[in-house]
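Asker: Using the sequences and the accompanying hints, generate a full structural model.
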Amino acid sequence: MTHQRMTFPGPVLQLFAAAEDAIAQIPPAFPLTATVAVNPFLGQAGENRAMAAARLARAGGLRVTQDRAQYAAMIADGRIAEPDLEAAAKAAGLDAADLRAAADAPQPGSRALPMVADLARDATGTDWPEFVEDRVGLWASAHFDRGQAFWPALSGGAIVSWRAFASRDLTTGLAGLTGFNAQVSELRGDAAEALSAACATLGVTAEAAPLYFHRLLMSMGGWAQYARHLGWLAERDGGREETCFALLAIAATWEAALLERWGDRIGDGWAKALESYAEPIEPSRDDLLDAALQDAADRAAERRLAETLAAPGAAGETGTDRPDLQAAFCIDVRSEILRRTLEASDPGMRTLGFAGFFGLATAHRSEGSDLVEARAPVLLRPGVASRDLTGASADRALRIKRRAVRAWGRFKMAAVSAFAFVEAAGPLYAAKLLRDSTGVSHHHGPGPAPAMNLPEADRIKAAATVLRAMSLTDGFAPLILIAGHGSHVTNAPHASALQCGACGGHAGDVNARLLAALLNDPAVRAGLPAEGITVPDDTLFIAGLHDTVTDEVTLFEDHGLARHAASLRRLKATMAQASALARAERAQALPRAGTAAALLSRGHDWAELRPEWGLAGCSAFIAAPRHRSAGRDLAGRAFLHDYDWRRDDGFRVLELILTAPVVVASWISLQYYGSSVAPEAFGAGNKLIHNVTGGIGVVEGNGGALRAGLPLQSVHDGDTLRHEPLRLTVAVEAPREAIADILSRHEGVARLFDNGWLALYAMDEDGRMAWRHTPDGWQTVPEDA
1087 MTHQRMTFPG PVLQLFAAAE DAIAQIPPAF PLTATVAVNP FLGQAGENRA MAAARLARAG
1147 GLRVTQDRAQ YAAMIADGRI AEPDLEAAAK AAGLDAADLR AAADAPQPGS RALPMVADLA
1207 RDATGTDWPE FVEDRVGLWA SAHFDRGQAF WPALSGGAIV SWRAFASRDL TTGLAGLTGF
1267 NAQVSELRGD AAEALSAACA TLGVTAEAAP LYFHRLLMSM GGWAQYARHL GWLAERDGGR
1327 EETCFALLAI AATWEAALLE RWGDRIGDGW AKALESYAEP IEPSRDDLLD AALQDAADRA
1387 AERRLAETLA APGAAGETGT DRPDLQAAFC IDVRSEILRR TLEASDPGMR TLGFAGFFGL
1447 ATAHRSEGSD LVEARAPVLL RPGVASRDLT GASADRALRI KRRAVRAWGR FKMAAVSAFA
1507 FVEAAGPLYA AKLLRDSTGV SHHHGPGPAP AMNLPEADRI KAAATVLRAM SLTDGFAPLI
1567 LIAGHGSHVT NAPHASALQC GACGGHAGDV NARLLAALLN DPAVRAGLPA EGITVPDDTL
1627 FIAGLHDTVT DEVTLFEDHG LARHAASLRR LKATMAQASA LARAERAQAL PRAGTAAALL
1687 SRGHDWAELR PEWGLAGCSA FIAAPRHRSA GRDLAGRAFL HDYDWRRDDG FRVLELILTA
1747 PVVVASWISL QYYGSSVAPE AFGAGNKLIH NVTGGIGVVE GNGGALRAGL PLQSVHDGDT
1807 LRHEPLRLTV AVEAPREAIA DILSRHEGVA RLFDNGWLAL YAMDEDGRMA WRHTPDGWQT
1867 VPEDA
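First residue of the sequence shown? That's 1087 in the working numbering, and the numbers climb one at a time after it.
Any given hint could be a false lead.
Stated by the list, open to error - What follows is a list of derived Cβ distance ranges for each label pair:
id, residue 1, residue 2, range
1, 1153, 1775, 21 to 31 Å
2, 1286, 1862, 41 to 51 Å
3, 1674, 1547, 19 to 29 Å
4, 1212, 1830, 50 to 60 Å
Note that these hints are calculated values from the structure, not bench results. Every residue, glycine too, gets a C-beta built ideally from N, C-alpha and C.
Answerer: So this is what it looks like as structure tokens:
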């Protein structure tokens, strides 16, 4: 479609450029099968938070900070101290007194600029924004369907599909928009032409277009975000995908039709609205005050983290003797509690933190499936292929079983059989309902071991790269656990959001087993000394999976363990004790948990709204040797990445950490932040009224806009927010010059820090957060701060 735009005149091409800018303002939303945490402010990362607040207020009526009453409460109880207010005020060019006064002042309102649909609603009494949302949602759920619909939409591009639907949808005429069907039927299958025609009718100028187009896309909710993810993936892989552009053309076509129908009543109002859309965006004083209040809350959290890290740690934490056991976990904040209890349970245990895909970005095909799962961060394109090792007969049997289950499921729900099925077979499901209601479930053992097909030289290089990135190049224990993580839950459409973010919304078992096999490979062991790494002959790697609901760890005994029987018994005993301690700690924070034992069945209860808190509360990322954080209670709020800059030749590992794990962690943190402060746009709504649509997402009730982001119950306990909306504090133990050099070569990452979306600290040789990064350079943090 792009090449056809060259036939349009210059002014129209300016509108198309504005459309691309507006599309870039929309965050991507990934399907439920592999939910990927996304920074909802991704499109605004190039501007500071006050400017983003001004933009999103006009485009969506959103607030991007907490209610002022929350800041007032934090000031009153001392969580935000006077130095925090003074530092935030100074950075914003304000006075601390201004911030205290703002916190006590009434909450300012926020209202989006009007669309034609808004003006038509006010003029006619018909809720046209809701009507358009409903009709677009009905079409989109079928168009984007991934196997759920019984009657799929017409194939072809979005414009072709929507034209076929809208030209036959008599509901529009019945609502009062007569002639719309005929108008739509005359459209060609060209989104650029449709947008051009609509803009001509609307009188949209190049100055008004960027914000107006952003407003239209925001009005489409999660459907625009889902379409944006298709384009985002294409751009990541060097291609182009134009579904989001087509959605914009569809929204503009609705607007043009409403203006043609009621232009005599709303024409003057629309002319004024276009003038407002064309005005430059500038933060108001309230925007500046609210951003500064949030900055003060963030600085208070940074101060508390610094105090925690400065406190005395575990005894013997800097020892260089060979540990008896080691366990490498994902940096996920949920691992912090288990790592802490493991180290407390056995003095001979040392833990490490590394991104949960363990350096193996693999495109994996599971047993009995042709679907390829990207077991890697979404920022990376998988470079390795893997598959479950299974025999042909077992694979075929599993495929037959799954097809039978799918056929049975479709029969149960089909229009001609659903009611008869309930009458005849419903009582047979009594036992299953009782089992699900009581949380009783059968345990399923581990599946077949995965394998990847790599030449020997590539296997050796991959192993050396991963070990260096883990800062694990010597001091190997006799038995080393590689633990991925997953969340076993039921009746949870957003289950993949509880899985490993570094594994593309899947569990980390595949990556853990692949790495253990790689590091146990005799040919790899023999080739590692040439890479400068020697793994002792008596060292064995074993894979495991940490269930973040129960804190139990399943061990995959894929390799001979006879020589390590004593170490294995010790590991299992340590795990059992540590898991019990971790459950006891987490049970205190979960509603209706009662006792730690209740967590063992919580994930199997189909009625449980909060099987776990996921990553709620995440607020820090620490890249340093483990002894800097060992023995400190970080309350399951910190991503912990082991990193020793003295072993990092050329700071290549540091560059990888800042440009990949830190960015992924920031997406997770900001997704929780956005779902907390702007749930109407960046939250998935109430689980109690969710319906899965198209197999890709959820709607509230029976239709309307797709809801992206996290459900309310993932951040709120019914009385108060359980995720404190804070920016991520990144603390790195490395020379400041090395950090600055990396940021100078990665503008996108630097912008996150410079514009206040993240905070960056450099740690000194004592592990103190001694320097704070600012747009003007490093700022020394006083020792008594």
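Asker: Compare the structure with each hint and give your call.
Answerer: Status of each hint after checking the structure:
{"no.": "1", "hint": "1153 x 1775: 21 to 31 Å", "verdict": "holds (24 Å)"}
{"no.": "2", "hint": "1286 x 1862: 41 to 51 Å", "verdict": "holds (47 Å)"}
{"no.": "3", "hint": "1674 x 1547: 19 to 29 Å", "verdict": "violated (46 Å)"}
{"no.": "4", "hint": "1212 x 1830: 50 to 60 Å", "verdict": "holds (55 Å)"}
In summary, the structure is inconsistent with hint 3 from the numbered list given earlier, while agreeing with all the others.
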